[in-house]
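Undergrad: Sequence:
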Amino acid sequence: MATLVHPLRHGPTTVRARGLPRWATPVAVAIAVAARIPFLGHAPGPDEAGFLIVGRQWDGAGTSLYGNYWVDRPPLLITIFRIAGGLIELRLIGCLAVAALVVGCARVAGLIGGVQAARWAAVTVAALSISLVGYEVNGELLAAPFIVGGFAAVISALRAADTRRAIIRASTAGALAMSAVLIKQNFADVAVFGAAAFVIAALRREISRRRLLHLVAGFATGALVVLIGMAWWTALHGTSLGGVFDAMYPFRVKAGHVMAVAGRQHAMVRLHGLLLAALRTGLAIVLLVVIRQVVSRRRPTETIWWALLAAICFGGLSVFLGGNYWIHYLVELIGPAAIAIGVLAGRRGRAPRVVVAYAVVAAVLAWGLAVASPQGTDARLVGQAVASSAQPGDTIFAAYGRPNVVEASGLSSPYPYLWSLPLKTLDPHLTALDAVLRGPHAPTYFVTWHGVRSWGLDSAATRELIARDYRPLARVCGHTIYLREGVNRIAPPPPTRCRFISPELRSLKEYVP
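Residue 197 in the numbering used here sits at position 197 of the sequence shown; the count goes up by one each step and never skips.
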């Protein structure tokens, strides 16, 4: 029976090139973390702000799924934001996630291809994390370390000397796999990697059928333990388990249909931006080099390598099926891609090392541009304007999908949908919103971003309600703040400077037919 204990063995190579020094990995970790430090206090993005809002008030049963708000995300993600509580704390958790991602990629690449592979992988993932992840903290970033940790556990399980150790490590892999899914529901990369590795190893008779059963049982047990624990925690906080499942999967199918029918042009614009980002940062070139190595057969043939390729294919499919095509979807691919290119670069291949150098240069340029850009966002300025006018007990609604405006205002929203996609999928005729506007808990402030009309929405009745029950209070950075009739509040002073967003960049954020 063949062994999986040793990393890849390679024959003679025609390329003579020095490897990276031993300090490459710790320096890569330090740089990846240090690159985020200048941005700790920068204005939160919509997801950061929205998840912080949801997490802070998720203390028990409310009027919606997570307390008083509804979001199509798993409970472990909301739990992390709940633990963070504030933006600085969240960004520090993001620093820990990036450090764990770099270390994890180095560990997996080292298990596959040796010391040099580990160092090249660390440098690559550090560069990609700077240029693609940026400084915001999202579900993709928080789940990524669990993915690479799961890869390492699968490899260790296959190479374990005895059955007991194999089961323990397979259980660890299963726990990490389930944790990733409970942060970002489509991140089943560890399950794909593990299934491919276990099955291929059994088919090649590298492990016995009995060992295969032990590994599968261990993996399933670890995943089940985490799932049961998270289900208990979720139910303890008053959230329906059936509602969580519906939000994680059936809702995504419905939302995909909405995007395909009403938001196709909107999605295509973002898809172009995503592809350009993949090319600009070097991720697309990394993947092309890996594909070229496979097609030309100049690649390792070990079981773990094929499992890694399966994970990369799954990640690509997951990004494509995401529908919305936000650039941070690509975070799912940077770990597996960095591991693969690290293995190839560790073999002293010229092309992989050139690609890594390109990714490093792209990261330096992206970071420099980010540092040079003005701080703050229009959303924060609008929210702060509302906060300067508001009184205790006031509420707000921002149309549509502007949770960072809500977060900056410090007010709560009486409407459960803080993001546009849930609103457009679950309340396309705005009947629930109109009921809130007509009811006793109508928001004190109504903020419009690009107007009340938007793709896929029947907004005629909503526009009539705003015209009847609200009056313009101020216009901040081109966005209108409405105040409910019968309420007296001072108009906020205009900000001294707004961030200019070109029509081209604005079209990437929202398409209004």
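Hint data in this document are derived by calculation from the structure and do not stem from the laboratory.
Fair warning: there could be bad hints in the mix.
What the hints assert, rightly or not - In silico SDA-like pairs for lysine to any residue, Cα to Cα no more than 25 Å straight-line: (1) K254 to P428; (2) K254 to S318; (3) K254 to D434; (4) K254 to V354; (5) K254 to W326; (6) K254 to N68; (7) K254 to R453; (8) K254 to T431; (9) K254 to R264; (10) K254 to W455; (11) K254 to L203; (12) K254 to A231; (13) K254 to G41; (14) K254 to G242; (15) K254 to W306; (16) K254 to A432; (17) K254 to G19; (18) K254 to L241; (19) K254 to T462; (20) K254 to I327; (21) K254 to G322; (22) K254 to G456; (23) K254 to R348; (24) K254 to T63; (25) K254 to A460; (26) K254 to A100; (27) K254 to I93; (28) K254 to G273; (29) K254 to S240; (30) K254 to H272; (31) K254 to L317; (32) K254 to R18; (33) K254 to N324; (34) K254 to M268; (35) K254 to I168.
Undergrad: Determine for every hint whether it applies to the structure shown.
TA: Status of each hint after checking the structure:
For a cut-off of 25 Å, the pair hint linking K254 to P428 stands: about 12 Å separates their Cα positions. Pair hint K254 plus S318 holds up; C-alpha atoms about 17 Å apart against a cutoff of 25 Å. A hinted pair counts as satisfied when its Cα atoms are at most 25 Å apart, and K254 with D434 qualifies at roughly 22 Å. Proposed proximity of K254 and V354 is contradicted: the alpha carbons are some 43 Å apart, above 25 Å.
The suggested pairing of K254 with W326 holds, with an alpha-carbon distance near 18 Å, which does not exceed 25 Å. Between the alpha carbons of K254 and N68 the distance comes to roughly 22 Å, so the proposed pair stays at or under 25 Å and holds. A hinted pair counts as satisfied when its Cα atoms are at most 25 Å apart, and K254 with R453 qualifies at roughly 21 Å. Distance check on the hinted pair: K254 and T431 sit about 18 Å apart at the alpha-carbon level, within 25 Å; holds.
Only pairs whose Cα atoms come within 25 Å are accepted, and K254 paired with R264 is accepted, the gap being roughly 14 Å. In summary, the hint linking K254 to W455 is supported, as the alpha carbons are separated by about 16 Å, within the 25 Å threshold. A distance of roughly 39 Å separates the Cα atoms of K254 and L203; the hinted pair therefore is violated under the 25 Å criterion. Proximity of K254 to A231 is assessed by CA-CA distance (about 24 Å); at most 25 Å being required, the pair is judged to hold.
Among the hinted pairs, K254 with G41 is inconsistent with the structure: their alpha-carbon atoms are about 36 Å apart, more than 25 Å. Our distance criterion of 25 Å between C-alpha atoms is met by K254 and G242, whose separation comes to about 16 Å. Of the pairs offered as hints, the one joining K254 and W306 is violated, with about 34 Å between alpha carbons and a cut-off of 25 Å exceeded. This hinted pair checks out: K254 and A432 have alpha carbons roughly 18 Å apart, not beyond 25 Å.
Taking the CA atoms of K254 and G19, the gap is near 50 Å; set against the 25 Å cutoff, the hint is violated. Distance check on the hinted pair: K254 and L241 sit about 19 Å apart at the alpha-carbon level, within 25 Å; holds. Restraint check for K254 and T462: the C-alpha separation of about 23 Å stays at or below 25 Å, so the hint holds. With a C-alpha separation of about 22 Å, the suggested pairing of K254 with I327 holds against the 25 Å cut-off.
Pair hint K254 plus G322 holds up; C-alpha atoms about 12 Å apart against a cutoff of 25 Å. Note on K254 and G456: the hinted pairing holds, with a Cα-Cα distance of about 13 Å set against a maximum of 25 Å. With a CA separation close to 47 Å, the supplied pair K254 and R348 exceeds the 25 Å bound. Simply put, K254 and T63 have alpha-carbon atoms about 22 Å apart, close enough for the 25 Å limit, and the pair holds.
Between the alpha carbons of K254 and A460 the distance comes to roughly 23 Å, so the proposed pair stays at or under 25 Å and holds. Restraint check for K254 and A100: not satisfied, since their Cα atoms lie roughly 34 Å apart, outside the 25 Å limit. For the suggested pair K254 and I93, the alpha carbons sit about 32 Å apart, so the restraint of at most 25 Å is broken. Taking the CA atoms of K254 and G273, the gap is about 24 Å. The hint holds against a cut of 25 Å.
The hinted pair formed by K254 and S240 meets the criterion: a straight-line CA distance of about 20 Å does not exceed 25 Å. With a C-alpha separation of about 23 Å, the suggested pair K254 and H272 falls inside the 25 Å cut-off, and the hint holds. With a C-alpha separation of about 19 Å, the suggested pair K254 and L317 falls inside the 25 Å cut-off, and the hint holds. Our distance criterion of 25 Å between C-alpha atoms is broken by K254 and R18, whose separation comes to about 53 Å.
For the hint pairing K254 with N324, the CA-to-CA distance comes to about 13 Å; that is within 25 Å, so the pair holds. Under the criterion of a C-alpha separation no larger than 25 Å, the hint pairing K254 with M268 is consistent with the structure, at around 18 Å. For the given pair, K254 sits about 39 Å from I168 by alpha-carbon distance, which is inconsistent with the 25 Å threshold.
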